[in-house]
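Enquirer: Protein sequences appear in the order of chains A and B.
Each step along the first sequence adds one to the number in my numbering, with nothing skipped, and position 265 is 265.
Each step along the second sequence adds one to the number in my numbering, with nothing skipped, and position 390 is 390.
Check the hints yourself; a few may be wrong.
Note that identical chains are pooled: a pair holds if it fits in a single copy or bridges any two copies.
Said to hold, decoys possible - Calculated lysine to any residue pairs in the SDA-like style (CA-CA distance at most 25 Å, straight line):
1) K135 to I159
2) K199 to I161
3) K218 to G349
4) K73 to S169
5) K91 to S169
6) K109 to G339
7) K68 to S31
8) K218 to S377
9) K73 to A52
10) K199 to N155
11) K199 to T175
12) K218 to H185
Note that these hints are calculated values from the structure, not bench results.
Protein chains: 2
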Amino acid sequence: MVLKSFIEVHPDSHFPIQNLPYGVFKRETASDPRPAVAIGDYVLDLSVLASAGLFHGPLLSNSDCFNKSNLNKFLELGRLAWTETRTTLQKLLSAEESILRDNASLREKALVPMSQVQMLLPIAIGDYSDFFASKHHAYNCGVMFRGPENAINPNWFHIPIAYHGRASSIVISGTDIIRPRGQGHPAGNSLPYFGPSHKLDFELEMATVVGPGNELGKPVDVNEAANHIFGLVLMNDWSATTLSPWIVTLDALEQFALDAPQQVSIVPTGQKDAHVLTRSNFRHLYWTITQQLAHQTINGCNLRPGDHLGTGTISGPEPDSYGCLLELSWNGQKPLSFGGTSRTFLEDGDEVIFTGYCKGDGYNVGFGTCSGKILPSLPEELLQFSVVSASNCT
Amino acid sequence: MVLKSFIEVHPDSHFPIQNLPYGVFKRETASDPRPAVAIGDYVLDLSVLASAGLFHGPLLSNSDCFNKSNLNKFLELGRLAWTETRTTLQKLLSAEESILRDNASLREKALVPMSQVQMLLPIAIGDYSDFFASKHHAYNCGVMFRGPENAINPNWFHIPIAYHGRASSIVISGTDIIRPRGQGHPAGNSLPYFGPSHKLDFELEMATVVGPGNELGKPVDVNEAANHIFGLVLMNDWSATTLSPWIVTLDALEQFALDAPQQVSIVPTGQKDAHVLTRSNFRHLYWTITQQLAHQTINGCNLRPGDHLGTGTISGPEPDSYGCLLELSWNGQKPLSFGGTSRTFLEDGDEVIFTGYCKGDGYNVGFGTCSGKILPSLPEELLQFSVVSASNCT
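Go ahead and model the full structure; you've got the sequences and the hints to work with.
Expert: Okay, structure coming up:
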């Protein structure tokens, strides 16, 4: 029998009792940010449940991890604590259990309509690496820039490639993104110019959220890596890095063996409706998330609770499953037509929306959305800065 | 007349009243980490001075920034607050001022011998970038790997190149470093192997410590960049990244126009004495620290208080001023002889010590030391992990 909550959850919802993803929210009325899980159209305030003494289990009963403004302390507790919490929450929310269901005052305090809250970055992220783990993406990029003969370098098959991303510019879904400026170099011998980015792209990714870390110098065994993974979020790796607000746990995803379809839609500037650009799937990754995590530590590098590991752009084998405009428009050579307009790369005013979910038997385990809109670069007169140029300081 | 403290400071000390660098220390007896400045052979506990109400200035009198376990909040306050603090401290420590000098009980609480404290990482570092700002270093590396014709790529002269480093593995001076392991690839068509790094190096760098940050999407003008810089530390960019514990402020360095000589010594494994390997100078940087900071933000990237910007290896024009073993031994071709032994790269047990100071009139403004010892890679039997290898997960 399918587990049911006393809270009405629409069959299309991403957040049934089988999911219970974690986030951090703030009420409309001023209050401190607090950890929560999503259930249907509500956020369930975990600090209220903790204050009411409803976490009886041995690992959570004496913890203050839900009276924090981020999830870092909860992540550090590890898998047994996460499972204990999930068991407690599924019981409290189930249709048969009266403790919360029949206590109007507690329900009032603990359950807040999603429409009345602001979601925040749920974690103080120490470090974030971004991998390059989709073979189709690596192949397509290689073909574009090096030709089909040398599309994938031999070492790509021996180690999961990654770069280290910047934590300061990670933002929560819904945050506007200002088109970046930088130096470009036209063909020939002319000097570089400085200006707004011409080829602004999205990249459909997911990110692994790290639970307990490891000590500097002590790598994590690939067979132990899953115990260091709390869950997954949607991630758009563009000028800044945008994350979806709800972390879906490995516990919730386990039964789907990470067969998680995702899609990217765009609301073109000046329009109202979203148009689907591409549909991909988490299973298109060549390097698994446990391999990525083990590789990140194999030289002795330490992870800390809340670190993120991006997968890199997730592209499928077919052109309509490519995960970024670089591939979808083949570096601008094949414009995409939709909704009476067309795109090679992103235009100012475009809103990009990622979503994804795993299909269960009568319910979905979903990631919600990860969205952002492109704002134009700041006008020159507001910049007022001297462009750094070649000048010797010695 | 040269400013004098009532505290006896040896003329060779790095920490006279003209310096007053900031760090965070812990007493031998269990207590919380607290901000301090160095004065001679003492650390001056700033939380004690704050509790005694000795910060009267408008910006510091109501701040709790010295009752924190790191300097982030103080850094966020900005240059006016830093200058106010420096003025207060120089007055309190001066030979003519009785408040601290003649109060034995306050002195006892506030001044702790350096031999009785442990220095900690003074900052919760959000992000750290590492530049490549020395032209001599860029040229030498280019000659080794691409030949003298193409030693420096043209774009090197147009933008300060940097990579983004990992914050989790930044450690304080004195921390042992375990030799990393990773994949190598012998010549020819053989498969990669996995094992300890063969060419472990040090890199003589300094790091800029960021004060107030900037908003995402709003770059910092290069002419305003100095107001975002709190100070400088010595930095060894090797397997982990080692920092010296005392941050020397721009206020203290101002008069030297960043003419700051540095040297690297090594205590070879099994020996007791340090041998100087190289002497360089901060002024050998082609790109200044304000140019580095402005460039870091020019695409809209946000900095946060306490972020670090490494300079990259600081090499001078002469072979005895190169900043790393790669250059000093010319990629292993020219072993260095010293103390009855020789080195191309670092051996297990070697201790590397950076130091540096600016020479004033009758005093030094110094950075102290930045040291670390290489420990061998963990034995295979302790690793027990499955090496990540090529396997497809789809």
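Enquirer: Classify it for me, K199 with N155: is the Cα-Cα distance of at most 25 Å met within a copy, between copies, both or neither?
Expert: Between copies only: 20 Å across chains, 28 Å inside a chain, cut-off 25 Å.
Enquirer: Quick one: K109 to G339, C-alpha cut-off 25 Å, is that within a copy, between copies, both, or neither?
Expert: Neither. Shortest intra-copy (44 Å) and inter-copy (72 Å) distances fail the 25 Å Cα cut-off.
Enquirer: One pair to classify: K199 and T175, alpha carbons no more than 25 Å apart. Within, between, both, or neither?
Expert: within (20 Å within a copy, 44 Å between copies)
Enquirer: Can you give me the call for K68 and S31, within, between, both or neither, at a CA distance of at most 25 Å?
Expert: Both ways: K68 and S31 sit 12 Å apart in one copy and 24 Å across, limit 25 Å.
Enquirer: Could you place K135 and I159 in one of the four classes (within, between, both, neither) given a Cα distance threshold of 25 Å?
Expert: within (12 Å within a copy, 32 Å between copies)
Enquirer: Within, between, both or neither: how does the pair K199, I161 come out at a Cα-Cα threshold of 25 Å?
Expert: This pair counts as both: shortest intra-copy Cα distance 23 Å, inter-copy 21 Å.
Enquirer: One pair to classify: K218 and G349, alpha carbons no more than 25 Å apart. Within, between, both, or neither?
Expert: between (46 Å within a copy, 19 Å between copies)
Enquirer: Since the copies are identical, ignore which copy is meant and state whether K91 and S169 lie within 25 Å (CA to CA) inside a copy, between copies, both or neither.
Expert: neither (38 Å within a copy, 41 Å between copies)
Enquirer: Indicate which option fits the pair K73, A52 if close means a Cα-Cα distance not exceeding 25 Å: within, between, both or neither.
Expert: This pair counts as within: shortest intra-copy Cα distance 20 Å, inter-copy 34 Å.
Enquirer: Is it within, between, both or neither when you check K218 against H185 at 25 Å Cα-Cα?
Expert: between (43 Å within a copy, 23 Å between copies)
Enquirer: Since the copies are identical, ignore which copy is meant and state whether K73 and S169 lie within 25 Å (CA to CA) inside a copy, between copies, both or neither.
Expert: Answer is both; intra-copy 22 Å and inter-copy 20 Å each pass.
Enquirer: I want to check one pair: K218 and S377. Are their C-alpha atoms no more than 25 Å apart within a copy, between two copies, both, or neither?
Expert: For K218 and S377, only the inter-copy Cα distance (10 Å) is at most 25 Å; the intra-copy one is 44 Å.
Going down the numbered hints, you'll see the structure goes against 5, 6, while the others check out.
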